Structure formats: structure tokens, C-alpha cells
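Asker: Residue numbers (UniProt numbering): 1 to 436.
To be clear, the hints were calculated from the coordinates, so they are not data collected in a lab. Remember, it's a predicted structure, so these values are computed and weren't measured experimentally. Hints may be right or wrong, so weigh each one.
[To be verified] Pairs of lysine-lysine, DSS-like flavour, derived with a Cα cap of 25 Å:
{"hint": "1", "residue 1": "Lys114", "residue 2": "Lys102"}
{"hint": "2", "residue 1": "Lys416", "residue 2": "Lys347"}
{"hint": "3", "residue 1": "Lys425", "residue 2": "Lys190"}
{"hint": "4", "residue 1": "Lys174", "residue 2": "Lys114"}
{"hint": "5", "residue 1": "Lys190", "residue 2": "Lys174"}
{"hint": "6", "residue 1": "Lys425", "residue 2": "Lys347"}
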Amino acid sequence: MKFLGWLFVAFIIGHRRSNKIKMGWVAILLLVVYVPMVIWLAFFLLCADHLKCDSNSKLGRLKYLLTQGVCKSTRYVQSMYSISSDSSSSFLVWLAGPRTTKRAKKAFEYIAYKPNPLLQILYLILVLGGYYLFLRDAFPLLPNIYLGAHHNVGITLYLFYLASANDAGIIHYKIEQQRSGVRHVPTNEKQYSSYPFDDMLYTPGRTCRTCLIERPARSKHCSICDRCIGRFDHHCPWINNCVGENNLRYFLSFVFATASLTLYCGYLCYYILSAEGRIWDMRFRDPETGQTYEASYLLVFQWVMSAGGLVAPLGLFTGIISIVLYGFFAYHIYLIVVNTTTNESYKWYDYVDQAQVKFYMAHKDEIEEQKKVVEAEKTKGKKKDARRDHRDPDWTLADYTIPKYRLDSRGKVVVKNMYNRGWRKNLAEVIWPPSQ
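Please put together the full structure from these sequences, using the hints given.
Answerer: Structure below.
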């Protein structure tokens, strides 16, 4: 999301310096390129790990490019331009010098792998800067003096503070000196031990390799915060905090408030442009041919982007961001309904894949024989019977020892999530965490 803010700032600067440029074509380019790019990138960044698609398909290749290909290509280029195998003799060192390279690496590690307030500062700049632009350019044009956004901004910033400042569910420990050596003893482990072990994703007796404590079920060590978090969901750099059992409710409230704020701003900008210029009643005249045209979506959009000042790009930017944020919020509501976390959703897919492979290896001969029967029946024109045989295989999991899963009618592994107790109880669990 960070690059969206800088792209928006660059667009505003270019907008104010381009009085002689035909902004209509810039608006079309923005609509055709910027909007789909934002939506597609947001979709893949949020949902790429959940897309089960063939690696040879177009969607599979795009998924690989956006999630793995860019990083691997960067490492490949770096290895190509390395002067020797010594990392200190890389192309970057040759270009910028060892001291600058060392500082750049430290800066990158701090930004990417350490807790830092950079995205928090950027968020405040975007919210407060956008609010200032709205008050300066858009607010005086509102026909209703009582229609303001002060309350919306204040609530959003307050929820931003709650999500950033509240403890996500840190499992604290103390170091005790014993005869056998140093031992890390949790001090509030029982507070986050309300979830039982499911013997699939979580098994008793597992020790965190960093904190050296026995981890409760649904907890995970955050490599950025360097702490174990109860009911760990993910680390959010926008709040410089983990999202866990204690602050998930504040985080989702913050996301929803930000989405509502951006949608509200986008709607007001559209309302201003629509009411101020009565854009749908306008007629457009071609200066070269003198021919007049009635208002169309394309002509109105070109006129709004060229003559609407900063109100138009501000409304477009906030409108797009609201769509992305509402999608992100809806995804987390889905996770709450099924009582899983972002971290667990990745693990579930990996677990199902492994179970599917193990089941295939245990019943490889039967599966291959069934495939031959299906192909033979297809060649005889008995596709219906073949499909029925394929959905109802002769083998079962009665003698197979992978716990707590079964096959559906199509032969796919189905895993039961023991933490899912119904959407009402799942929602109550987030609003009133068991550890509180």
C-alpha cells in the first residue's frame, strides 16, 4: 500500500504543474492502468497463498511472478553482477562503496525486519494530508454546512491508536538460573492456554526455538517483534504491532473505520463535482470541429479530471482504497466466522496438501486402477457411470492414521477445524477474548 500513497502524491504534483497538458488522456490512462493494477495487486497480495491453480496456467504463472518470481529474479541479477563469491565484492559495493552499501543493508533490515514507525508515520501523513486537502479544496464547495468529516477522522485516528498501543497477546517469560542451566519460564502462559491442542496444526510439547518456552495452542513467534503472541494472526507494519488475541477487535475496527473514511471522502468528492458542475446536464464542444456531444461517462470523467482540481484525484484515490480495505475487512470477517487466523489459513492448506499426498501414496495402486477404469468407461461412452465410480472410490480411511480428516464425495481431503464453534461463538470470542 505504501507505493499507492507516493503515486498519489506524484499525481497531485503533476496535476498542479500541468495546466497546459490535456488532462483528459491522463485521466483515461489513470483509469485504465492505475485502477486495475491496484485491484489486482491487492487481490494477489491478500489471497495469493489461497489460490490453488495449475502452475502452468496463466493464473498460476502470474501468481508465481508476483509472489516468488520477482524476489528470485532480483537474487539472480545480484549473483550475475557479483565480481566474486565474496558478498563484499558485489556490484552494489563496486557502484556505491562498502560504507554506503553497509548502511543501505542496515537500513533495509531495519525497514523490512525490525519494528519501526515508518508506515505509521506514512499513514498519518496520508490521512491528515488528505483531510487537509479536503478542507482546503473540497469542504468550501459542500452545499450543506453540517456535512463534515471531523467525527470520522477523529474516530479513525482513535482506533488507529488503540490497535497500535494495545498488547496483541504477548507471552512473557522470566529467566531462572537452575543447576541444569538457564531456563525460560513463562509468566502468563495460562492466560493464553484456553485453546486445546488439535494434534494437527498444534501439538503439545512444542518449544519456541527463540523464546525457549513451551508454546500454547494457536500461538506463534513473530520474527519482527521477537515475541510469542497468543492466537497470532499476522504482523501489521501499518500499526507497528502484531495482531493477536487481545487486539484483533481493535485492528478490525480500525480497518473498517479507515475504509468508511475513504469511502465517505470519495462520495463527498463525487457529490461536490456532480452538484457544482451539474456534470450530467453538460454539453461538450469539440474546439476543432465545433461539433457538440452529450455527456457520456468518458467525457464526464475527462472533464472532471482536468477541471475538477484536486477534488477529482482525491476522490478517485480514496474510492479505490476503500474498495481494497473493505475487501480486506471482509476477508477477516470470513476468517472469524470459520474461527481461523491468517497464519492458520496458510497452515491448513499445507496440511491438506500433505494429507492428500500421503493418502495418494498409501492407496496409489487403487487410485491408478480406478483411473484406468474411468478411462476405459469413457472410451465406451459410459461417462456417467465412470464419474460415479470416480466420486465413490472403493477404499476408505478406516485403516489410515492421519488424524481428524476424511474424504468428500470427490476424493478430496476434508479437515475438521475443532476451533470452529459456530459463527456466533466465534464472533463473541473476538469481541471478548478468552484471555481477558
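Asker: Decide, hint by hint, whether the structure agrees.
Answerer: Hint-by-hint comparison with the structure:
no. : hint            : verdict
1   : Lys114 - Lys102 : holds (17 Å)
2   : Lys416 - Lys347 : holds (13 Å)
3   : Lys425 - Lys190 : holds (21 Å)
4   : Lys174 - Lys114 : holds (23 Å)
5   : Lys190 - Lys174 : holds (14 Å)
6   : Lys425 - Lys347 : holds (23 Å)
Comparing the model with each numbered hint stated earlier shows that all of them hold.
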